[in-house]
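Chemist: What follows is each chain in one-letter form.
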Amino acid sequence: MATDLCTESLLTIGTHTLRSRLIVGTGKYSSHMLMQEALHLSGTDCITVAVRRDRLIDADGNNLLDFIDTQRYTLLPNTAGCFSADDAVRVARLGREILLGLENPGADWVKLEVLSDTKTLLPDPVATIEATERLVAEGFQVLCYSTDDPIIARRLKEAGASSVMPAGSPIGSGQGILNPNSIRICLEYLKDGDPDYPVIVDAGVGTASDVTRAMELGVDGVLLNTAIAHARDPRQMASAMCLGTEAGHLAYLAGRIPKKLYATASSPEEGTIAARPR
Amino acid sequence: MPNDVMGGGGAMKIKLNGQSCEVDAGTSIAGLLDRLQLDNRVLAVERNLELVSRTEHAATLLAEGDRLEVVTLVGGG
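So the sequences go chain by chain: R and D. Take 1 as the starting number for the first sequence in the numbering used here and just add one per residue. Take 1 as the starting number for the second sequence in the numbering used here and just add one per residue.
Think of the hints as simulated: they come from the structure by calculation, not from any bench. Treat the hints with care, since some could be wrong.
[To be verified] Every beta carbon over 10 Å from chain D, so not counted as near; a handful from chain R, in silico: (1) H32; (2) D108; (3) T118; (4) A137; (5) D196; (6) A208; (7) D233; (8) S266.
[What the hints assert, rightly or not] Computed from the model, here is a short list of chain D residues facing chain R with C-beta under 7 Å: (9) N17; (10) R41; (11) V42; (12) L43; (13) A44; (14) L51; (15) R54; (16) A58; (17) L61; (18) L68; (19) T72; (20) L73; (21) V74; (22) G75; (23) G76.
All C-beta atoms in this analysis are idealised placements derived from N, C-alpha and C, irrespective of residue type, glycine included.
Could you build the full structure based on these sequences and the hints that come with them?
Modeler: This is how it looks when you write it as structure tokens:
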């Protein structure tokens, strides 16, 4: 039912058009089978993947790709774990090479992460801008993981980012959207004169209401991983995230009522048979 | 990763995914992947920090001291 309501609402990022506004990560699931089911239930058609040395992750020799339908999902390779622009560019190129081999449409884009600190996993804004410029020059469509700083967000867009993706809170922290006002200013700056420019909240989501809240602010989509993968029941949480995304997007489109301090009766005051106080 | 990929008369030392190993002189990237029984459709190769595209694997011969990275996709967010 919910999906019927949103069928005409597509998410466009650069040359890519997605049916779902939820982008889901493939990391940290207790099994590949569970990941597969959770991805399905989330309703997503775009999933993030990481680039790592072969055979050093899964001793059983299972490849993630054995569990992913690359015809169904657009893969979004990330540069997670990179702490310099040089390394991020290397990893982006390697990801593209793999996706070209898979003939997956995701070969021309990358989720750029250039981190600066292992404790907070906060991005290095200067290196992120540099890597964005270099990758755009190489023909990549770059989706930038960023802080929620509106000035950095604007600089990333100027550097050629196809989407700026401010974090709601630190990666994997589950704290939700800590500063909705910053996200709102990011939206205002990034969409100024360019209302279709895609802004995605990436990271920090803990539960479905966090996604709804982000979508209600007017962001175009949400990218998450841990909130589903580490939920007690990832399948149920995947469904909840699907509905939360739709709910938030519809509520944003519908336009919420302003908040007021005092009550306003929903039933008519005229015609009541009861005596009013005072 | 096996230490001695080519078995026997290895003539060159290289670094493969951070580990030292020996390969015969004249080994190409395609030959190495073949010996390792790796499917090159789901991986990418970098040699001395430069990507070597799939179409160049057969023609690219390894050299003493090469640093090779063979990567694939894993779960990530």
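Chemist: State for each hint whether it applies.
Modeler: Here is what the structure says about each hint:
The beta carbon of R/H32 sits about 8 Å from the closest Cβ of chain D, which is not more than 10 Å, so the claim that it is off the interface is violated. Consistency note on R/D108: stated as away from chain D, and its beta-carbon is indeed over 10 Å from all of that chain's, at 15 Å minimum. Every CB of chain D is more than 10 Å from the CB of R/T118 (nearest about 16 Å), matching its label as outside the interface. The Cβ of R/A137 sits about 16 Å from the closest Cβ of chain D, beyond the 10 Å cut-off, so the non-interface label holds.
Non-interface status of R/D196 relative to chain D is upheld: no Cβ of that chain comes within 10 Å, the nearest being about 26 Å off. With a closest Cβ-Cβ approach of about 17 Å to chain D, R/A208 is found to remain outside the 10 Å limit, as its non-interface label requires. Distance check on R/D233: its Cβ is at least 18 Å (rounded) from any Cβ of chain D, clearing the 10 Å threshold; non-interface status holds. A cut-off of 10 Å between C-beta atoms confirms that R/S266 is not in contact with chain D; the least separation is 43 Å.
The interface hint given for D/N17 holds, since its Cβ lies 4 Å from the closest Cβ of chain R, which is under the 7 Å cut-off. For D/R41, the interface hint holds, the least distance from its beta-carbon to any beta-carbon of chain R being 5 Å, beneath 7 Å. Interface restraint check: D/V42 against chain R, minimum CB-CB distance 5 Å, threshold 7 Å, status holds. Taking 7 Å as the C-beta cut-off, the interface hint given for D/L43 holds, the closest approach to chain R being about 6 Å.
At its closest, the beta carbon of D/A44 sits 4 Å from a beta carbon of chain R; the interface hint therefore holds under the 7 Å criterion. A least Cβ separation of about 5 Å between D/L51 and chain R falls short of the 7 Å threshold, and the interface hint therefore holds. Interface restraint check for D/R54: the shortest CB-CB distance to chain R comes to about 6 Å, inside 7 Å, so the restraint holds. About 15 Å separates the beta-carbon of D/A58 from the nearest beta-carbon of chain R, more than 7 Å, and the hint is not met.
Proximity of D/L61 to chain R is violated relative to the hint, the smallest CB-CB distance being about 19 Å (cut-off 7 Å). Taking 7 Å as the C-beta contact cut-off toward chain R, the hint placing D/L68 at the interface is violated, the least distance being around 10 Å. Because the beta carbon of D/T72 sits about 5 Å from the nearest beta carbon in chain R, less than 7 Å, this interface hint is met. Restraint check, D/L73 versus chain R: the minimum CB separation of about 4 Å is within 7 Å; hint holds.
A hinted interface residue such as D/V74 counts as satisfied when its beta carbon comes closer than 7 Å to some beta carbon of chain R; here the least separation is about 5 Å, so the hint holds. Because the smallest distance between the Cβ of D/G75 and any Cβ of chain R comes to about 4 Å, under 7 Å, the interface hint for this residue holds. With a cut of 7 Å, the hint placing D/G76 at the interface with chain R holds, because the nearest CB-to-CB distance is about 3 Å.
In this structure, the hints that do not hold are numbers 1, 16, 17 and 18, in rising order.
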